[in-house]
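Trainee: Letter by letter, the chains look like this.
2 protein chains.
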Amino acid sequence: MSKAAQGKANHEWEGLLQNRRWYAMRRKVASMHPADVAEQMAYFGPQEEGLFLRLAGPRKGEVFAYLKPKQQQRILRNAVPEQLDALMSQMPPDDRTRLLGKLPKAVAHALLGRLPASEMKHGLALLSYPENSAGRYMTPNFAAISPHLTAAEALAEIRRTGRGKETLNVIYLVDEEGRLVEDLKLGSLVLAAPETKVTDIPDPGMVGLLDTTPVEEVMRAFEKYDRVALPVMDASRRMLGILTIDDIVDVAEAKNTSDIQRMGAVEALDLPYADYGFWAMVRKRGGWLAVLFLGEMLTATAMGHYEKEIAHAVVLALFVPLIISTGGNSGSQATSLIIRALALQELKLHDWFRVLRREVASGLALGGALGAIGFTRIILWQRMGLGNYGEHYFLVALTVWVSLAGVVTFGTLSGSMLPFVLRRFGFDPATSSAPFVATLVDVTGLIIYFQVASVILRGALL
Amino acid sequence: MSKAAQGKANHEWEGLLQNRRWYAMRRKVASMHPADVAEQMAYFGPQEEGLFLRLAGPRKGEVFAYLKPKQQQRILRNAVPEQLDALMSQMPPDDRTRLLGKLPKAVAHALLGRLPASEMKHGLALLSYPENSAGRYMTPNFAAISPHLTAAEALAEIRRTGRGKETLNVIYLVDEEGRLVEDLKLGSLVLAAPETKVTDIPDPGMVGLLDTTPVEEVMRAFEKYDRVALPVMDASRRMLGILTIDDIVDVAEAKNTSDIQRMGAVEALDLPYADYGFWAMVRKRGGWLAVLFLGEMLTATAMGHYEKEIAHAVVLALFVPLIISTGGNSGSQATSLIIRALALQELKLHDWFRVLRREVASGLALGGALGAIGFTRIILWQRMGLGNYGEHYFLVALTVWVSLAGVVTFGTLSGSMLPFVLRRFGFDPATSSAPFVATLVDVTGLIIYFQVASVILRGALL
Chain Y
15 MSKAAQGKAN HEWEGLLQNR RWYAMRRKVA SMHPADVAEQ MAYFGPQEEG LFLRLAGPRK
75 GEVFAYLKPK QQQRILRNAV PEQLDALMSQ MPPDDRTRLL GKLPKAVAHA LLGRLPASEM
135 KHGLALLSYP ENSAGRYMTP NFAAISPHLT AAEALAEIRR TGRGKETLNV IYLVDEEGRL
195 VEDLKLGSLV LAAPETKVTD IPDPGMVGLL DTTPVEEVMR AFEKYDRVAL PVMDASRRML
255 GILTIDDIVD VAEAKNTSDI QRMGAVEALD LPYADYGFWA MVRKRGGWLA VLFLGEMLTA
315 TAMGHYEKEI AHAVVLALFV PLIISTGGNS GSQATSLIIR ALALQELKLH DWFRVLRREV
375 ASGLALGGAL GAIGFTRIIL WQRMGLGNYG EHYFLVALTV WVSLAGVVTF GTLSGSMLPF
435 VLRRFGFDPA TSSAPFVATL VDVTGLIIYF QVASVILRGA LL
Chain X
15 MSKAAQGKAN HEWEGLLQNR RWYAMRRKVA SMHPADVAEQ MAYFGPQEEG LFLRLAGPRK
75 GEVFAYLKPK QQQRILRNAV PEQLDALMSQ MPPDDRTRLL GKLPKAVAHA LLGRLPASEM
135 KHGLALLSYP ENSAGRYMTP NFAAISPHLT AAEALAEIRR TGRGKETLNV IYLVDEEGRL
195 VEDLKLGSLV LAAPETKVTD IPDPGMVGLL DTTPVEEVMR AFEKYDRVAL PVMDASRRML
255 GILTIDDIVD VAEAKNTSDI QRMGAVEALD LPYADYGFWA MVRKRGGWLA VLFLGEMLTA
315 TAMGHYEKEI AHAVVLALFV PLIISTGGNS GSQATSLIIR ALALQELKLH DWFRVLRREV
375 ASGLALGGAL GAIGFTRIIL WQRMGLGNYG EHYFLVALTV WVSLAGVVTF GTLSGSMLPF
435 VLRRFGFDPA TSSAPFVATL VDVTGLIIYF QVASVILRGA LL
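Protein chains in written order, with my numbering: chain Y, 15 to 476; chain X, 15 to 476.
Simulated from the structure, these hints should not be mistaken for lab results. Please note that a few of the clues may not be correct.
Keeping only pairs whose Cα atoms sit at most 25 Å apart, straight-line, the calculated SDA-like set for lysine to any residue is [unchecked claim]:
hint, chain 1, residue 1, chain 2, residue 2
1, Y, 238, X, 285
2, X, 42, Y, 239
3, Y, 322, X, 405
4, Y, 135, Y, 247
5, X, 82, Y, 372
6, X, 179, Y, 372
7, Y, 238, X, 231
8, Y, 322, X, 322
9, Y, 82, Y, 23
10, X, 269, Y, 437
11, X, 74, X, 141
12, Y, 238, X, 117
13, X, 42, Y, 237
14, Y, 42, Y, 178
15, Y, 179, X, 217
Listed below are several chain X residues computed to face chain Y (Cβ distance under 7 Å; list not exhaustive) [said to hold, decoys possible]:
hint, residue
16, 240
17, 270
18, 360
Idealized CB from N, CA, C, for every residue including glycine.
Make the full structure from the sequences, and use the hints.
Mentor: And the structure:
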């Protein structure tokens, strides 16, 4: 909804609420998408939550599923037992797992205990999957039919049993042992001649996932095969549930957010920015900053080793920020490129040597070019009287050039190899490596710079 | 497909190709998902491309649509006219727009000219939308029925006209003037009693998009409403086409990639890492590095202003890298958090002042804490004989503490406000602002540090 439309809607609702026009409100809620009802509830805040849920009637659980986690938890805390039961049993099973997974274990189990026995069993099974697996996000609420039916029989069967399924877009042919035989788009089924056997209806080859498949691979599968739902099976092909693309889009968006946050050296946030308390936010950010700060302290140690050189040639100190930042920039460039290429599987682990050769060459080219700019700047400033770098300014400029080539090469090299090393040892080459690379390159960059200086300036300044 | 499975598949195909078992190959291709056929084609490279496309027969266009842009363009260059016609007309219209959009304008129009007149008109219309709008990504190939039918009549109509539509998951009720009345899930239609009027079938409220809606808003709409397809209309509600979620997932993934790349100070890449030539990649990276390098040169100018202070108190130079990097880290933290929160619409433009107050307070808290660590480190090292910061080491430590508080506060402040400023003036507060913030904070950090030093150390060291 656009901002103007939202403003108008808020205004309308305020009027209805003030005049207590229950019937009009109920009719209005019935015509709205549950996501919009949830948004409207969020606007009016805690006082009107109960009212909106009552107005939603049988769609209460759906609306509840669209609320933000914080609001859901508050409602659960304040609900009387009957309300709790209604919300829990009306919520789609996959959304329920997501919510319960965020609650303390004891609370989650207590809530599950309020469900009918069979749903409770399902709920416990879903919760027992690791957070990052396909099993955790699936819903057992799919439309299955026997593979022995004709198209007409299948449609009749779907009419009989299909109500309340998570989706009817894809129908699953499941044999007597519960094994998945084939999936079939409802559209293909509708188009098929009534007497066709369902197994003979042409459909692109089936794609199934194991319950243990990691979420990243699930995302790749959705992208690759352009499906709206994918079946989840156990190791013996028994069908357990389905994953729908809307859940995966939410998961992908959350992953995107945490990638960008980790790249910016923040622990990934679980809540929106505005929902964090001040101190909670400071803690989330302080941890990382402190770790990087401790790493950066090594720069003071490194500089300490060259204190005598700096005292002899103060001019050297002037270029320290330029050199280490440029090294850091080239390092985070390389890391972000490689991490992303690994995540999208454009690069595999065994490509490391090809990448290494290429990045060293890129580093030399980039560092050489930047160094030339730096060199020219120093010579020009000196000649034009804009700066005074002493009688040996030419050697100083040369030091900067050679150092930049070295530092940028080291930056691209370590930036591109760290993700491979992390992946090789089974870690997630997460975007959080970018700030680490910058710190590593800062320290090493100083050493490179002063070593180059001690060679080039020996006998002149040093 | 897992790596092992892929290896096995490659091996099998090699056998079939060597023994020229055309019939077995054709049958195998028919059983495969087009995405997998495309992947197999990519494995065998240019020599076998023609063969695979012939084997795909009538699914040629579908397989072609799944190839990578580079491969598509090579095939188009080498195709004879009849092949071109077949590929162009069999490709789904939205994928076709995507491909043509990447080609030079003259080539795109020449290719469109080979299509039947009506499709050519559609193709030109799609291409004329701006790259970032819903219109650019829609397909005009949707299933529409009259709103006056009953459920049974609607199903019969879909059977008659539904073949070859982009999706049948959602059916659109369109009136005589071409205006969108309602959308309806095929599943709901199948479940409805045969004599129900289609407009009476319950379905969550309709969500429509304008053709001019920006892609980011389209993504939000898909996330919010959990739909697999959304209708696109012009300003007078005439229905133009649909957007399917699989296309939007691809677009979102591409956006995610370019966000992360821009955050790492790289111009967003159009191709996978491995597809770039060496010099093309160096150019892509060099541009940004050079811009940031020119900005960083200001650090040398700033340091030049304090050359005398450094000469008097070399100890000051030792902490320069620590201070500016910490400022940079806090700045990129703040930018990445705010950019993401703005993109997800968790924050709106008018929240800027609330954010400002909060970030200044966070900056003081974080900078104060980090400064305390730095202070302690200097005092401890001095006492333990690990470093020698001179007789005024206490004042030096105090300078570091106060400077860090100032630099980190300035970092969070400028990092959090820059995205608001960019958004305010109509720019995309892209993740590329992160490296800029770091550069800005480097220069300002130096000034803050030396100013603090000149106050605290006056009369002692300076």
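Trainee: If you draw a straight line from the CA of residue 238 (chain Y) to the CA of residue 285 (chain X), is it 25 Å or shorter?
Mentor: Within the cut-off at roughly 17 Å; holds.
Trainee: Quickly compare the C-alpha distance for residue 238 (chain Y) and residue 117 (chain X) to 25 Å and report which way the hint goes.
Mentor: holds (23 Å)
Trainee: Checking hints one by one. Is residue 240 (chain X) an interface residue toward chain Y, by the C-beta closer than 7 Å rule?
Mentor: Result: holds, 4 Å to nearest chain Y Cβ.
Trainee: Against the 25 Å threshold, does the CA-CA distance of residue 42 (chain Y) and residue 178 (chain Y) hold or violate the hint?
Mentor: holds (23 Å)
Trainee: Holds or violated: are the alpha carbons of residue 179 (chain Y) and residue 217 (chain X) at most 25 Å from each other?
Mentor: holds (14 Å)
Trainee: Regarding the pair residue 238 (chain Y) and residue 231 (chain X), is the alpha-carbon distance no greater than 25 Å?
Mentor: This hinted pair holds, its Cα atoms lying about 23 Å apart.
Trainee: Holds or violated: residue 42 (chain X) with residue 239 (chain Y), Cα cutoff 25 Å?
Mentor: Distance ~18 Å between residue 42 (chain X) and residue 239 (chain Y) Cα, so the pair holds.
Trainee: Has the given pair, residue 322 (chain Y) with residue 322 (chain X), been kept, meaning a C-alpha gap of at most 25 Å?
Mentor: With a Cα-Cα distance of about 16 Å, the restraint between residue 322 (chain Y) and residue 322 (chain X) holds, given a limit of 25 Å.
Trainee: Hint residue 270 (chain X) vs chain Y: min CB-CB distance below 7 Å?
Mentor: holds (5 Å)
Trainee: Hint check: residue 269 (chain X) vs residue 437 (chain Y), CA-CA at most 25 Å. Holds or violated?
Mentor: holds (24 Å)
Trainee: Are residue 360 (chain X) and chain Y close enough, Cβ to Cβ, to be under 7 Å, as the hint says?
Mentor: Since chain Y brings a Cβ to about 4 Å from residue 360 (chain X), closer than 7 Å, the hint holds.
Trainee: Given the hinted pair residue 74 (chain X) and residue 141 (chain X), is their Cα-Cα distance within 25 Å?
Mentor: holds (23 Å)
Hint violations for this structure: number 6 only, all remaining hints satisfied.
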